[in-house]
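Chains A and B supply the protein sequences, listed in that same order.
If you count by UniProt numbering, then the first sequence holds residues 1 to 312, one letter each, in order.
If you count by UniProt numbering, then the second sequence holds residues 1 to 312, one letter each, in order.
Hints may be right or wrong, so weigh each one.
Which copy? The list can't say, so a pair holds if one copy fits it or any two copies do.
Stated by the list, open to error - Straight-line C-alpha distance at most 30 Å; calculated DSS-like pairs for lysine-lysine:
#1 Lys48 to Lys102
#2 Lys137 to Lys67
#3 Lys312 to Lys179
#4 Lys250 to Lys125
FYI, nobody ran anything at the bench for these hints, they're computed from the structure.
Number of protein chains: 2
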Amino acid sequence: CLHKFFIKLCFRGSAIACVIGKNAAEYPDYFGKDIKAWIFDEDVNGKKLSEIVNTEHENVKYLPGIKIPSNVTAVPDIIQACKDADILVFVVPHQFVENVCKKLGGNVKPTAVAITLTKGLLPNKEGGIRLVSEEIKKHLKIEVSVLMGANLAKEVANNDFCEATIGCSDSVETGMMWKRLFHTENFQVTVVDDVVTVELCGALKNIIACAAGLSDGLGHGDNTKSAIIRLGFIEVMKFVECFYNVSNIKIFFESCGIADLIASCIGGRNLFMFIKPFPEVEKEVLKGQSAQGPMCAAEAAAMIKKAKLEAK
Amino acid sequence: CLHKFFIKLCFRGSAIACVIGKNAAEYPDYFGKDIKAWIFDEDVNGKKLSEIVNTEHENVKYLPGIKIPSNVTAVPDIIQACKDADILVFVVPHQFVENVCKKLGGNVKPTAVAITLTKGLLPNKEGGIRLVSEEIKKHLKIEVSVLMGANLAKEVANNDFCEATIGCSDSVETGMMWKRLFHTENFQVTVVDDVVTVELCGALKNIIACAAGLSDGLGHGDNTKSAIIRLGFIEVMKFVECFYNVSNIKIFFESCGIADLIASCIGGRNLFMFIKPFPEVEKEVLKGQSAQGPMCAAEAAAMIKKAKLEAK
């Protein structure tokens with residue numbers, strides 16, 4: 001079977017494109033030769049970013065210094081990028097997910113399978129949150145898996161040892177295909193069959209990271225921070241159990257659970273949100289990227305309050 | 001009922017003496033007025049440390065700048081300090097535990113209860129490890145509980161928010177007494193009925209902290225470190241299950257488990273063991289204190305090898 005890929009080449013997307021590109025080339029019997037990566041095009045020093053990626057094989061804006069495999073081609077048109085693809089890999093910042101899904105609806109193969117790497121939830125207009133995997137499924141009507149874990153793009157790109165958890169409720173074969181696509185010696189992938197818990201772990205940990213950042217900002221020490229991580233971890237488990245009716249404690253011991261939580265609380269984006277006022281930080285420290293924690297915290301808190309579960 | 005206390009005033013002991021002293025004064029119906037704290041006496045600027053503590057109410061050598069409550073009296077003679085005590089609190093560095101127990105054997109009330117705060121295991125001459133709580137019980141023939149958790153002395157003394165887990169297999173009343181003695185607004189105590197798992201969590205995490213230190217020393221990032229913490233955490237659970245036949249997964253979510261492990265891996269003593277060669281580090285960085293990780297790792301590895309459990 002020959003597959004094609006769809007990847008949004010944002011900062012993180014470039015790192016994962018390196019992994020996918022290498023693995024696709026390694027297993028030519030399983031994967032198609034060419035990987036099409038949708039790129040949100042922009043001007044960089046008077047040139048189009050897509051052209052730079054396709055000639056210099058480097059995302060000079062979001063992942064400078066790292067070579068992207070030559071079987072990855074940047075495509076600025078999203079419909080064109082996904083047409084005829086058997087495999088869709090979503091690495092879309094959460095605020096663009098809805099628009100991307102609307103554009104793609106009706107424009108992908110009905111037999112395609114998708115996986116999302118977005119760590120963040122979508123706020124509902126009437127309150128509460130939606131999972132990114134559910135949103136993609138709703139619009140594209142195809143099976144959606146998730147990949148989460150402690151694997152910051154820069155460290156993945158640098159070939160540092162990282163882990164990931166894939167939640168796949170589709171067939172065992174699809175799970176094995178995802179593992180073949182993502183697993184490398186330095187990027188160790190475990191596949192579990194619980195999409196919801198894996199995605200919620202990846203999204204809700206941002207709330208705990210905000211609290212850890214607040215603690216750092218107030219000058220508290222490592223023991224206080226460890227207590228916040230521990231108590232937050234238990235809150236996340238309770239939230240998943242109460243609102244999604246799943247109680248799969250083993251998943252919380254996977255990379256998507258405890259490891260991603262720790263990594264975010266000792267070095268993640270949300271941690272640095274509290275050094276200065278929010279808008280300044282987003283601009284200066286995060287260089288235009290956004291932190292999911294505050295929005296996620298507000299929505300989760302509203303859900304807990306509405307369900308009268310504050311004391312639980 | 002009136003109780004007396006025995007505390008070894010080492011660095012950590014001074015911090016916990018502040019907590020105990022305050023709580024004992026707060027509950028005069030439950031606890032005796034005077035707390036006797038055994039101190040390993042030494043000369044500090046030409047004066048005895050015990051005299052300095054008893055006049056200035058400060059352990060100027062191991063916890064300078066922190067006032068020790070006036071109901072705590074330093075006693076240089078260990079037999080004298082423990083005579084007639086109903087409650088014994090052990091805060092003895094692991095290398096002195098055996099000698100202290102031998103001296104005290106036959107010299108404490110048979111109705112006394114003890115608790116140990118030592119995070120470290122004792123190596124057996126014939127290989128393998130012994131629990132500190134078991135060692136005390138063997139010599140003193142009294143009930144022994146344990147207190148572990150992410151609560152570095154300095155942060156406890158500074159009144160930063162910390163947590164602790166007490167493992168108590170004695171009666172519920174003893175467990176409640178320990179909670180009353182240690183619990184404060186900023187030092188939150190949870191009591192569980194599994195002494196072995198709590199103590200093993202506190203001791204074995206030092207091995208993982210060594211690995212985390214090695215990763216830092218090699219220049220790896222936060223995701224690698226989180227993977228080490230996660231994989232090490234699972235190894236600790238397997239070790240406890242295999243060698244002590246207990247499988248109490250909830251304990252690992254207490255402060256003694258995941259929180260202490262995280263605190264040690266982001267700021268603990270064992271972490272700093274790998275910046276320079278061992279003897280230099282122990283002298284310069286740890287200022288004469290010892291790190292339990294390397295010894296503990298060697299003994300645990302030997303046990304695993306002997307039992308042919310490497311692949312598990």
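Structure-based check of all given hints:
Taking identical chains as interchangeable, the C-alpha atoms of Lys48 and Lys102 lie at most 30 Å apart only when both belong to the same chain, with a minimum of 25 Å there against 78 Å between chains. With identical chains, the CA atoms of Lys137 and Lys67 are never at most 30 Å apart, being 32 Å at best within one copy and 62 Å at best between copies. Only between protomers do Lys312 and Lys179 lie at most 30 Å apart by alpha-carbon distance; the minimum there is 22 Å, versus 37 Å within a single protomer. For the homomeric pair Lys250 and Lys125, neither the shortest alpha-carbon distance inside one copy (33 Å) nor that between copies (37 Å) is at most 30 Å.
Hint compliance for this structure: hints 2 and 4 are not met, and every other hint is.
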